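Colleague: Keeping their order, the protein sequence lines are chains S and H.
Residue 207 in our numbering is what sits at position 207 of the first sequence, and the numbering runs on without skipping anything.
Every position in the second sequence, counted from 1, becomes a number in our numbering once 319 is added.
Worth flagging that the hints you see were computed from the coordinates, not collected in a lab.
The structure presented is a predicted model; accordingly, all values stated were derived computationally and were not measured.
Even glycine gets a Cβ: it sits at the ideal position worked out from N, Cα and C.
Treat the hints with care, as some may be off.
Okay, the calculated bits of chain S under chain H, using three or more residues with CB under 8 Å as the criterion [to be verified]: (1) 40-50; (2) 55-65; (3) 93-105; (4) 124-135; (5) 147-155; (6) 236-249.
Each chain is listed here by its residues.
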Amino acid sequence: MKFIIDRFDGKKNYQQTYTVEKKDIEALTLLGTLLFIKQHLDLTLNFTASCRMAICGACGVRVNGHSYLACDTKMTELFEEYKDADTFRISPLSNYTVISDLAVDWEPAIENLRKVKPGLVAKDKFSEKEGCVQNQEEYDRIVGQWDCILCGVCASECNKLSADRSDYMEPFVYTHAWKVANDSRTKDPMIHVKPSVANGLWNCVHCHECTNRCPKHISAADDIAGLRALAMKKGLNSGVGPAHAKSFYTDLVEDSGRLNEIRLALRTEGVSTVLRAGTAVTLMSAGKMNPLEIFGGHEIEGHKDLVKMIEAAHAAHKE
Amino acid sequence: MTEQFTRREFLQSACITMGALAVSTTGVEKAFAATSTSTPNTSGMPSCDVLIIGSGAAGLRAAVAARKKNPNLSVVVVSKVMPTRSATTMAEGGINGVIDFSEGDSFELHAKDTVKGGDFLVDQDTALKFANYAGAAIHELDYIGMPFSRDSKGNVDKRYAGGASKIRCNFASDKTGHILTHTCLDDALKHGVKFLMDHHMLDLSIENGHCEGVVLRNIRTGDIAPVRAKSVVLATGGYTRVFWNRTSTPYIATGDGAAAALRAGLIFKDPEMLQFHPTGVCHGGTLITEAARGEGGILLNNLGERFMKRYVPNKMELAPRDIVARSIETEIREGRAFGHDMEAYVLLDVTHLGKEKIMRNLPQIRHIGLLFENMDLVEKPIAIRPTAHYSMGGIHVTSIDTMATPAPGLFAAGEASCVSIHGANRLGGNSLCDATVTGKIAGINAAEYAAKADFGAGKRLNDLTLKWTSHFKEITGSGKGNVNDMYALREELGAANWYNMGIFRTESKLLALADKHAEFQARYDAIRIPNTNPVFNTAYTEYVELGNLLLASRAALMGATARKESRGSHFREDYLKRDDENFLKHSMVTMDESGKMHLDWKDVVVGQFKIEERKY
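So here's chain H without its partners, still in its complex pose (with noise of 0.2 Å):
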């Protein structure tokens, strides 16, 4: 009894109705009661003012500053999961910003490097204002209770971070993903941020050009409803999982928020844009975080040579990500390395650090080394090869001011979103301040946004429940299906991605590729669940998930093949060389109603960094 008070109460607090619609607070019980029985509710959706989806640092950010901004306003986070499961708790180095200026070091060497880093594909004026939020959002955290590392003086403590001209890198321990995520529940508790758990946003809707709300499964009951909201921010992370088991994110990382506003007709910003992070344990791509090399790890092939000196003899292993993973599968590929073909590796060592260091501040990937590879990197170097880590590209967001896509009423922040402060590839340390930051501008804008705002018709938002509940029915309805089908599937894709469009492009491979993928996508349209239980059907939001990780891959390989050069994480083996006269754009993919994918280009902004060769 006590546990259905208090999910019916958290319905009615989570959930408040507007007047617009006339439908009292019972009503939105009949809502959900409602659509129990299939039957789409059309006299009274569940609304709110800010509806955020997606519980990671971004989304908790956004949530805690629409609260601030307006505590009028209704804000409800909706999650796959519970919030602390994202992929911001597996961040693990630390968050830039510039908080000690006594070296030299200023927002705008920041942003310089976050431009250079980017392979000039950065939008300037973007990472100017970046780098400035970011210096305050450190500072911020720290109030709000983060308990970051601390230096002599009890300062927030700072590491070296890859690609960085100063040390920036602001952490907590090597937890400092985790710490973060922790950090923005407890405010996010703190200040009646609301939770819709176990509730996975199948599509977003988008009506005469305005949001007007989501569609959303709740997992535990098998519930499809129409959620109508003033404003939404996207804030589902990344899609990194198109490479399935070389990547390390989570398992629920699958470009949810990508995918539903490519169908919505929104725009994917350079979707081939996606990060190989040098340094993955050999099985399953989990991280060994950067602050191993930070800290002073180095890196060794089968001969005992610290090989990066061959590629960036200044910068080592600090070198950006995308050179050193280059490094890396070089290595593999000429033979000097330890392993073969997928089981290729080569060495990280971090045993001259002493017991004590690495105890101290690389802790969870000591732990990491023993999990998956059975290795104590106290006494030996770990094997470790790149790893699919995380996407630049992302939900098209017009302004860094705003996070608001062309869409009036719709945000989006973090890794879902590209308002490009990444360019072609991130820095390590950029990306927890780019949640946190982003997150917190969304939610800021969000609120204001539906505190003037109205809400919309929702009859487009009516049909895509009901294709929604039909598609369910579609699937799961006849209990027929391959046990297999959608994991091999899976599989398969992860892996002809990883061949074709990995760290190593070549136009042969992309559009073998693109065959590829029309087989997948047909295979896929074929596969039917034979679970036709509607509670907690987790095979049925896996083949949701598998779908949303097909169109993210098109998109990307469609940005990748367009793109004929090569710059950041993006290299092509058939033009080795950046081209800023025909590419120093970003792609733009858009959907159109038929499921055709259509490229255009922006350019991107130029401001007072100089367009320069990258060099190390």
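With the rest of the complex left out, here is chain S (with noise of 0.2 Å):
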């Protein structure tokens, strides 16, 4: 079988195919794979990876255009995954700058990480030669973002990223800003809250890709979510991201209870809109918006329980 792989020496890209037979690689790991590529026939091909335990995180890859942790990935699951397939297509992280092969630049991605202060700075009632205290249910709150390895498959994933690098960071990057303000030692979430405001963090795009190819099934979109409705749970709720998520709950609650998309952009940019004014002209030709609906739709079914619903989750909220 073949395994073509994105090549990086420096200076110019290509792709190398090499072949193997199956019955060497199918009881490894796709790290297993690589290694016996890099052992047995080519020692020029660079990867990076060191724990081989789904635990370091310095070996994620993608297969196929997808991103897997390489030792996390037995070979008979990408056999089933992709139909007993007989060619893959192996290469680096997406949304990283490429060193060589399939080895990425860390270096900004950390940068990122050391914007949201991920370093816990503890309640004042707390010291350095007593510790913390903290019961099960609050540990239980942050566990599950502590299972982040740094892997940067969420990032390689990630479409925000791929569309524009330039003002937003690493889903992983909010995960540990989330983890960091959500833990009830500290002393002020707001530490690392406002960085990740200033830093993107109503520019994700809500496409989901980072919880589901994560490999220790984080969903740094929900700490995305969550980091934003503790930025406008303390007053950090001007912007046109807030203003967007506030005119999903007006539709949702107070209108018709159906998206109102024209009310959307108005409410999200203002006047400002009439920017978007070509899209909306291509999006009524298409029959894919009615214009009428500005002045509000019909009410969906059910609303009324939505409504309660909403109301309910609110006031198990607040309890």
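Combine the two chains into a complex, taking the hints into account.
Modeller: Here's what the structure looks like:
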């Protein structure tokens, strides 16, 4: 069978095909296969790996365009997933600068992590001498995010980063911000929330690809939502992002229950929505948007129950 | 453009050139730029006050401690990889440290267990101080954000660890090391520690007895450059990769620090003390943590017998590691195991704990069972056999008060160092607190030293850089060589070390291994890497690492051959008894300029704990 690997030697990009016997690799993990190729066929092939047991996060790569942690992926799983294909395309993680072959540059990501101040600043009642106290419920609330191993799979899958890296950070950066902001020991969650807001928190496009492929089943999308809710609760609710979120809420509760895209744009961006007129015309001519909805739409079936559910959720949250 | 700016900005802040050299900030760039054309810079080398090699828990704690001690100093952590890819992340079970005194536990008891567990090769004054620091370290880690598992009162939860007389192994699920590393990284970022990732320390320069800096290879570009530092902390981890495929440690832990120290004329202490962990998965040696036994897991042979009752009836599976490992190997040798030869194994059974408890307290090892053995340990016992795990030996450090080596300006910490906390065998749960505690002490003292010191002349550093620059050209220059040579040799070295210097050692096996090492060295020297590209040439990195492993193997063999007794992890079938009269001593291996190794001895510091037979 064949492995087509995307390569970069520091100057030029090219693809290289390696042919291996299926029997040599079928009991292995994807990392085992990469090691097999490097150690038997071509030692110029570069990738990174360290612990081989899914805890250090060094060996994230893409197979057929999707990101995997190589040591955590058995070849049999890939055979199953890709219906016994006999060719696989292996590429470096997306949305990172490639240094060589499958190895990518982590430095900008670490500098982003630095921005959200991931270190805990404990409440005054705690001390270095006596440590902290935390009950099981408070512990359970944060421990999921601590599974993040900085493998970069979420960032590789992130559509927002692919579209524009300049005003957004790797999804795991927000996960790190959320895990510390949401910790019962923290003195002030805003230490971490504010830089998250300042560095693209509201620019997530809700595609949930980060969540879908995280090898540790962490939902960076949920963590981003958590940070946003906290930001708004703490009064950081001006700007396009919060207005956008509030518009959803208004539609669901106070209006028809149906998302009103025209009002959404107006409420989110105000008069500058006019800049999107071209898009609106395209949508209208394709029958995707009804201009009359600016005056409101028909109430959806069961709207009253929906409002009740939302109110119940509010009440439960307050308790 | 964004990335380029970040990198430049980073280098500027990371490597502050000191006034002593009268080189401006642009000089730093020039220094790195100059080396990119392979002409080593002589007018102004990049430099910083405290340079830390290694980004595991020891390196990260050292960096924070140095920053806190003196915020005016530039502190840079150098790593072959990204921080968090280290062996520390792989630690599972927990971190020892007494924080609960209600059940009669004390620092003294922790020290006593450590001394006894280490088969009395531990320096006792060190062990006492260590136990004190370890207790404090748990609260400190909690305070900086480590999410420990909690007991019903909301305090740090603890479990049993092998060889301990009290329950004092604090834990965060079975991912304690991973969570500790990330806590330390977060804390390092908070304190403004800078990182030089993808940089490999090739050598260490000691001039007139003082450490003046290191030679670094930027793996990304291939540039080989001298970096001067007022003080250097080596936190490069252990060298159990000498057993290549029979170890639980990551691929990157290749004893680079210990090897560089040997080449620089420093002392490699107790190199023969390599620990074997009883429960590695059969394929590849990855660990099933001691926590599995701490939670109540049992070991079974092919007769379905709980065989530990034959060896340590009152401690059973929770006897110290060296004893459990030997017990399993004995079962294998005497035909009471499953499979044959290298495939032989016994079973570790946790099924009786129930799914809920396994999922809550042992999720990581369940995952490993699925990944490597296709076994769900909720349903079935898992196949295990011993695997090399930890290096008690390391760079000789004179005192736990400073973690300083005899060379002024050079410090060592964590598994790379040997201040003799663990003696001949490390207790489970003592590695994470070693890394945390010794890292911090090394950082504080490196900062203190750097604040008063001047830079060295850098002459030898420059010579070493030239040597390595031409070495790269020589090894890769022709672009010729067989792809398999290096990797085959690495496997052979691992197997030869395992068979001859593994759990059971004898004079004749060790002598045979000496011949093998000579042969391996000759083959190694003849290897050429068919890759001339300087950019991210990982094959060259692996070549250098293999050289370091060979050096560490030779040092370990020298100690193992000379130590004609059985003590802790060092078990000689031809000298079954511990011999305190002749060997209550640390082996001290050095290497001269010609590459010849020498052995000396240093007495163990005995204190309040009486030297006695080690019985469980």
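Colleague: Now tell me if each hint is right for this structure.
Modeller: Hints, one by one, checked against the model:
1. 40-50: holds (count 10)
2. 55-65: holds (count 4)
3. 93-105: That given contact holds, which follows from 6 residues of the segment 93-105 of chain S lying within Cβ reach (below 8 Å) of chain H.
4. 124-135: holds (count 10)
5. 147-155: n = 4 at 8 Å, threshold three: holds.
6. 236-249: This one is violated; 0 residues, fewer than the three required, reach chain H with a Cβ under 8 Å.
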